[in-house]
Each structure stands twice: as C-alpha cells, then as structure tokens.
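Chain by chain, the residues:
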Amino acid sequence: MSEQDHEAFEMRSRALFHDSVEGLDMRIRSRLTQARSAALEAAQHRQPWWSGWKVWTPAAGVTAAVILGVVLWIGSPLGHQGGTLADAQTSFEDLDLVASSDEGATDAMDMLQDDIDFYSFADKATPGPAA
Amino acid sequence: MARFDTLNTAWTVWDNPAPAPEGAVLEYTRELEKFLAEIERRAFRMAQVALRDPDDALDVVQDAMLKLTRNYAARPSAEWRPLFYRILENGIRDMQRRRTVRKRVMTWLPGPKEDPDNEAQDPLENVADSAPTIPERLMQAQAMQHLEESLRALPARQREAFMLRNFEGMDVAETASAMACSEGSVKTHYSRAVHALRAQLGEVW
Chain D
1 MSEQDHEAFE
11 MRSRALFHDS
21 VEGLDMRIRS
31 RLTQARSAAL
41 EAAQHRQPWW
51 SGWKVWTPAA
61 GVTAAVILGV
71 VLWIGSPLGH
81 QGGTLADAQT
91 SFEDLDLVAS
101 SDEGATDAMD
111 MLQDDIDFYS
121 FADKATPGPA
131 A
Chain F
1 MARFDTLNTA
11 WTVWDNPAPA
21 PEGAVLEYTR
31 ELEKFLAEIE
41 RRAFRMAQVA
51 LRDPDDALDV
61 VQDAMLKLTR
71 NYAARPSAEW
81 RPLFYRILEN
91 GIRDMQRRRT
101 VRKRVMTWLP
111 GPKEDPDNEA
121 QDPLENVADS
131 APTIPERLMQ
141 AQAMQHLEES
151 LRALPARQRE
161 AFMLRNFEGM
171 DVAETASAMA
181 CSEGSVKTHY
191 SRAVHALRAQ
201 LGEVW
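Line by line, the protein sequences are chains D and F. Residues in the first sequence are numbered from 1 upward in steps of one, following this note's numbering. Residues in the second sequence are numbered from 1 upward in steps of one, following this note's numbering.
Check the hints yourself; a few may be wrong.
As the list claims (entries may be wrong) - In silico SDA-like cross-links for lysine to any residue, where the CA-CA straight-line distance does not exceed 25 Å: (1) F:Lys67 - D:Pro58; (2) F:Lys34 - D:Pro58; (3) F:Lys103 - D:Ala38; (4) F:Lys103 - F:Pro76; (5) F:Lys67 - D:Arg29; (6) F:Lys34 - D:Ala38; (7) F:Lys34 - F:Arg99; (8) F:Lys67 - D:Arg12; (9) F:Lys67 - F:Asp53; (10) F:Lys67 - D:Ser2; (11) F:Lys34 - F:Val172; (12) F:Lys103 - F:Arg81; (13) F:Lys67 - F:Ser77; (14) F:Lys103 - F:Leu83; (15) F:Lys67 - D:His45.
The set of hints was computed from the structure by calculation and includes no laboratory data.
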C-alpha cells in the first residue's frame, strides 16, 4: 500500500464522515442545541468552591468520625484512665509502705511474730476433743 | 470594575468566592458556546459510531458538555478540545461497560412479552427520514455504513486515534493529550487503524 493510497483513503473517509455530520436530522440537531444550552446554563450558575457536596461530605465524615471516636473513648475503660491512675498511685504508696526497708517493715515483721505467738498460745490453751 | 486581559484571567477570578464581573462571564460563556456549537455534531457522530445507538450517543455528548463546562472551563480555551474528547471517550467506555453488564443481567431474566400491536410495525419507520434519493448519495451512505462497521470492529484505542486524527483533524500532540498517552502511541494506534480499515474495506470500497 503506497503513501498516496493512504492519503486517498484518509481523505475519502474524512469526506464521508463530514457528509454524515451535515446530514444529521433536525431532531438530533435540536437535542444537541438543548444539551449545549443546559451545559452553558450550568456553567453560568456555577456554585462557589466551598458550597459543593464534594467539599462538605468528606468534612462531615471526618467530623462524625472524630465525634464517634471521642464518644467511644469516653465510654471505654480507657476513658477513665485518670481515676485508675489515682488508684494505682495509692496502691503504690501502700506497697511502698509495706515493702520499704525502714521501720515500717520491722514493725510489720514484729506484728507477724506476735500473731504467731498468739496462735501458738491459743492452740495450746484450747482443750482437745474428747477421746 | 477590573479589566481582564484574557478569558482565563476572568475564569481565575470567577473561581474565587467573590462573584465574577458580569462582562467577563458573558465573554467566556460566548466563547464556550462557540466552541461547543462547533464541536457538538462531530462529537455526536463519533459517539454514535462507537455506540451505534443515537440516544446513548446524545446522552454521552450531553454529559461531556456538562462536565467540561462545570469542571474544566477555567482551563485555557486551547485545552478545551482535547479535554472534551477525553471526557467523551471516558463516557463512551462507561456506556459500553454498562451495556455489557445490562446484557449479562438480561440474559438471566425472562424476555419481554411480545406486544401484538408492535408486530405489524414496519422497521423502516424507525429509519431517519433524511434518506438520500440520489444514487450517489445512497452509495456514500453505504460506504459510510461500511466504514462505521469497520471502525466498531477496531480496538477502542485504534478507533479513538483514527477518529480524533482523521475526523476531528487533531494533530499528534493534541490527540495524545485527549487519549492520555504518548505521541508515539498515537502514531502506532493510528497507523494500525488505517492498515486494519484498509484491509477490511478494500473489497467494498
């Protein structure tokens, strides 16, 4: 196929296409005019960028997600983390008192020894079951 | 009132929340109208070649016009044509996909009942009333019909390249922009399209 044949083919197909465009019936032409008018009307009444749903929908979604997250966080045990910390601090102080190697610990050991003596005494003083 | 040197400056200002000056809006609305009026019939025929159905083609063209004016009118007017055809081709592809899905669904559903009133209807009544009476016109119409059928048989990208380059008269760079591909790809698609069409139409043309 030569280059000239190619060009002739292109020219013929182009001419046929343009003939078919010119031969469009009135119904189609009228509907195209209506479509154009509608598009231009839409362009003239274009909304400002901040009024479109495409802007507000993601923003509303993010806000809803944040609110839901806060609600869930407050409702969960983690939401009471402040109180738990205070409790933990008190327990820690108690443990510190008991476990410290100061006099508190010596007192505790003395109290434990007293208890053992008392229980030993009580055991001896109690009469055994009748044989 | 501020003066606008170009339509694009006017659009940029119109993008701001402040209302655009009336004169600027009118000016580029006129420019857009001129562009759409110049392009709409060819766009319709191209969509019709791809989709066959005139109503579907009209829907796709209308949608492309709306999208262009709503989303891309702020672009320089030199970019409108490739943008418009890119939107149009996307619309055609979407329509073809929808049809394929519809066809698959319809094969599983029972067909519509035969309407006895429609049985007597002459199918020629649905043909456009602008039928040529001169034999030469008739031959041209037949040749165009063969061309359309051959174009429909082409891969979508080849058809697109052929119609944009040959029917719309776009250069390679513009076609590449409309097809969102490289200029080399446009040349390849176009060359393959011409060879395939000539091979198919060689006997009847």
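Okay, the hints, checked on the actual structure:
no.: 1; hint: F:Lys67 - D:Pro58; in the structure: holds, 21 Å
no.: 2; hint: F:Lys34 - D:Pro58; in the structure: violated, 36 Å
no.: 3; hint: F:Lys103 - D:Ala38; in the structure: violated, 31 Å
no.: 4; hint: F:Lys103 - F:Pro76; in the structure: violated, 40 Å
no.: 5; hint: F:Lys67 - D:Arg29; in the structure: holds, 20 Å
no.: 6; hint: F:Lys34 - D:Ala38; in the structure: holds, 14 Å
no.: 7; hint: F:Lys34 - F:Arg99; in the structure: violated, 33 Å
no.: 8; hint: F:Lys67 - D:Arg12; in the structure: violated, 33 Å
no.: 9; hint: F:Lys67 - F:Asp53; in the structure: holds, 21 Å
no.: 10; hint: F:Lys67 - D:Ser2; in the structure: violated, 42 Å
no.: 11; hint: F:Lys34 - F:Val172; in the structure: holds, 24 Å
no.: 12; hint: F:Lys103 - F:Arg81; in the structure: violated, 33 Å
no.: 13; hint: F:Lys67 - F:Ser77; in the structure: holds, 15 Å
no.: 14; hint: F:Lys103 - F:Leu83; in the structure: violated, 30 Å
no.: 15; hint: F:Lys67 - D:His45; in the structure: holds, 14 Å
Comparing the model with each numbered hint stated earlier shows that hints 2, 3, 4, 7, 8, 10, 12 and 14 do not hold.
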